Every structure is written in C-alpha cells, then in structure tokens.
Amino acid sequence: MRPALWLTLALVPITGCDAIYEDLRPSGGPADAGPVAADARTVPDDGDASLAPTSLARGRWEGRTGYSASGGVTLERDPDGSVHLRFEDDFDSQAVPGPVVVLSPRAELGTAIEPAAGDRQLGELERASGPQRYAVPAGAEDAAYAWVYCLPFGVEVARASLAPVEAP
Amino acid sequence: MKRAALAAATFAVLCLPASTGEAQAWTRDAGDGYVNLSYRYLGADSFYGNDGARVGSTPFRQHAIGLYGEVGVVDRWLMLTLGGDPMRRNELVDLGATTGLSDLSVGAWTGLLVEPFRLAFGVTVGLPTGDPSPDAGPGADTVAQLTARTLPTGDGETDVTLQVAAGHGFRIPDTSLELFVQAVLGYAIRTTGFTDQIVYRAEAGLRIREPFVERFLLIVRLTGTELLGSSTAIGGVAGVGDGISFTALGPELLFEIGEGFGLGFGADFAFRATNLPAAVALKGSISYRWDFVPPGSES
Chain U
1 MRPALWLTLA LVPITGCDAI YEDLRPSGGP ADAGPVAADA RTVPDDGDAS LAPTSLARGR
61 WEGRTGYSAS GGVTLERDPD GSVHLRFEDD FDSQAVPGPV VVLSPRAELG TAIEPAAGDR
121 QLGELERASG PQRYAVPAGA EDAAYAWVYC LPFGVEVARA SLAPVEAP
Chain A
1 MKRAALAAAT FAVLCLPAST GEAQAWTRDA GDGYVNLSYR YLGADSFYGN DGARVGSTPF
61 RQHAIGLYGE VGVVDRWLML TLGGDPMRRN ELVDLGATTG LSDLSVGAWT GLLVEPFRLA
121 FGVTVGLPTG DPSPDAGPGA DTVAQLTART LPTGDGETDV TLQVAAGHGF RIPDTSLELF
181 VQAVLGYAIR TTGFTDQIVY RAEAGLRIRE PFVERFLLIV RLTGTELLGS STAIGGVAGV
241 GDGISFTALG PELLFEIGEG FGLGFGADFA FRATNLPAAV ALKGSISYRW DFVPPGSES
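Sequence order for the protein chains is U and A. Be aware that the first sequence starts at 1, since it is given in this note's numbering, and climbs by one per residue. Be aware that the second sequence starts at 1, since it is given in this note's numbering, and climbs by one per residue.
Note that these hints are calculated values from the structure, not bench results. Check each hint, because a few of them may be wrong.
What the hints assert, rightly or not - Computed beta-carbon distance windows for the label pairs:
hint, chain 1, residue 1, chain 2, residue 2, range
1, A, A202, U, A4, 42 to 48 Å
2, A, F292, U, S27, 40 to 46 Å
3, A, D94, U, D80, 22 to 28 Å
4, U, P105, A, D94, 22 to 28 Å
Just so we're clear, the structure is a prediction, and the values are computed from it rather than from any experiment. Virtual Cβ for every residue (Gly too), placed ideally from N, Cα, C.
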C-alpha cells in the first residue's frame, strides 16, 4: 500500500471526515416552508431614544414539547414604519438544532410550517438566549403567536402568545 | 480442515458468547479474533424529546454500515477492540441527508476473573472521526444549512468509557439447553462540556444442543445510557451529541454458517429515551471468528 494512503488512514482518527450533504427537496426550493429571510433577519438596535419604537404586542416565551424557554418578546414598530420582533434581555431557551423564528396566527404549528396558513419565517434564531431583533415582513404584524421552531425536524420549541398593547 | 476441527474441539460452554459475538467478559486468547460487518436501518416519524415524551417530527431515516472487531493480544490479559460505522447516512425525508464516517471507538480489555465467572475490565476511547457540524456547501440556502447541521455523523468530542463486564455460561442439567448471561456497566467521561453518562448492557443467550439447531443462538439484550446531570444544549436527534439517554430492548438471532462464519439478525427498540428517534432499529450482520493455532500444533 502506498505511503500516502497509509498517511491518509492514520490521519482520519485525528482530523475526522467531513460528511457529504445531499439536498432532497423535491423542488429544490425551501421545503414548502416559505422563504427564510436569512440575510435580513436581524436589525441593529441603535438605542437612540428619539427613535424609540412603538410597542404593538407583547408576550412571554414558554417551552413546548418538553423544551424550556422563558423571557419576554415584543412586536414593535420603528419610527420609519418598519416592524420588528424584539426578544427581551431575559430571553432564554434550550439550544436545539436548526431553530428558526416564526410568526403565525396558529396556536399549534405541528410538524410543518405552512405559509398558506399565514406562517412567516423571520430567519434563523441567532442565539438561544439574550436580546435580538428580527425584521417582520408586511402582513405579519397581526400574528397571534411568536415561535422558536426546529425547522429540519419540524418541532415546536418555544411559543409566545402576543397580546396587543393598548395605545397610551 | 485440521485447524477448523481443532477450533471446534476447543469450543466450550464457558466460551459460548466469545464464539459468536461481542464478548467483553470473555477476553479472547492471543491471536484469536472476531470481526462483524453489519447493516442497520432505522425509520422514525417521531422522536423522544428532552422530557422523554414522543413528539411527531419530519420523517427520519438512518442507514449505517457498521464494523466491529476484537483480537486477543495476550491470553486473558489483553484484548483490543475497534468499532464504528465506516458509512452512516442520516436522512430527513424530502429535505436533506448527510453521509459520512461515524465516530470510531478503540478499546482494551483485560480479564480479571475466569472462575467462578468471567469478569473483565475495559477502557474504550471514542474518537471524533465523524462530522459534528456538516456543511451544505457554498451557495446553499438557509434551510439546507440548517438541515445539514442537524444531521451530524459524529459528536466532535473525544470521550473515555471505563467498563466492567461480568459473564457466565452454563448448561442446564439433564437438558440440551445452554445459557449465558452477561452484564456490562460503564462510566463515560465526556468532554467539551457534554454531560457524563452511565452506560449499561445486560444480555442473555440461549442455545439448544441438538443437531443443526445448535447452530442458532438467541440473544435478548437490554442496553441503555443514563445522563449524570441535566443537559441544556441539544445537538440533534441523529443519535450523537449531548443530552442522549435511553433504555432499549431487543432480540438477536445468530446463525453459525461454519468455518468461523456467522450471520445475525436483530432488532431493538428504545422504550424510553431523550433526544433520540422513536423507532425500531433493524440490524443484519455477517461475522467471522478465528482461533489462532500455534505453528506445529496441527500435526
């Protein structure tokens, strides 16, 4: 056997081997789950008080299907008219594989996100705890629930029921 | 042929498991060995969540080619093992799949007792040869990247498991029934922040010493893993990573073809688990066992 092959075999336990990925989606598109706005999912919080957003709805995270989650979430409109979903500082959830943030009128998502039912993906969850904001597309401002959802396995991780905030 | 005859002649009831399968408590003599090539399949439409409840999910399929080997180095005192999946494919139906090498494990066992029962101590090291965070490749969209990362073929950490195995084989008086029992208990020291685990296995085997039927060995096996503490970060449900616990039960039927070769068919089901697919795992295998015959002893 050639020395190069021996060297390769010896290095495998040290370096490991990258797995090969195969896309199995029938259409080659995003798995019947609607677009994931990965590039525009979060917006910076500039902290300027004169540009304070208006709260539209608030809720508290609760764990689903055995997973834990806590903390607050607010749906808010910036002075420029854009709408965002803001996770409060106390947000904390269990880290799971493939989490995305979803707004939906549905109280249960089950094993699939359904754009036809009004589900809107806001993007991949940036981190499992701490403050973060996600841009909300037009038409999703009236969602009754915010979700953290394991997209690949189709599992509900956390849900927040969004209650409208009364205007002052 | 003389070699085969000698191997058969040295077969004893107390060596029952060692002749036909993984035999940690029965450490092999120097030069003796056993290798097993298997295919495993698992298809699940739900999995056990972090609290142990079954949760419906995207259909998951796993195909794996497994390789396991044991070789004796020093009579009773040292046996080396190697195990892993040269090919493992994790698939989320109509979504994506990863294929690659799994983590490998190498082990060393030493026999502490031979009588009145077998007792052995082993150290197994898990090597991170699999891919803990597969990549969907450049240009892949977010769904593909999320899916790829959800289907690791390894856990990315080196771990050490200390194990004790006890076994005993015997014939029921006035019958043609031979039995063996084996229990393995271990402590898995995990690294990179993973939670340590207790691993265990208990199995019982039955053989009927009658013509032809004696070629079959039926084994019922209970296997499990328990977490020593709570795990907060769940890496996935592809069978690797942190937060996994389970208790599984299943039968396996082994058939000795002859000349050291054997076939095996088995199934097991985790009736309680966390962060694992909920499905029956099916397994088929072919094995080869050899007994070292010192030069000159055949004449």
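A quick look at each hint next to the structure:
1. A/A202 with U/A4: 42 to 48 Å: Hint holds: Cβ distance 45 Å, inside 42 to 48 Å.
2. A/F292 with U/S27: 40 to 46 Å: Once the Cβ atoms are compared, 58 Å apart, the range 40 to 46 Å for U/S27 and A/F292 is violated.
3. A/D94 with U/D80: 22 to 28 Å: 40 Å, violated
4. U/P105 with A/D94: 22 to 28 Å: Holds: the Cβ-Cβ distance is about 25 Å, inside 22 to 28 Å.
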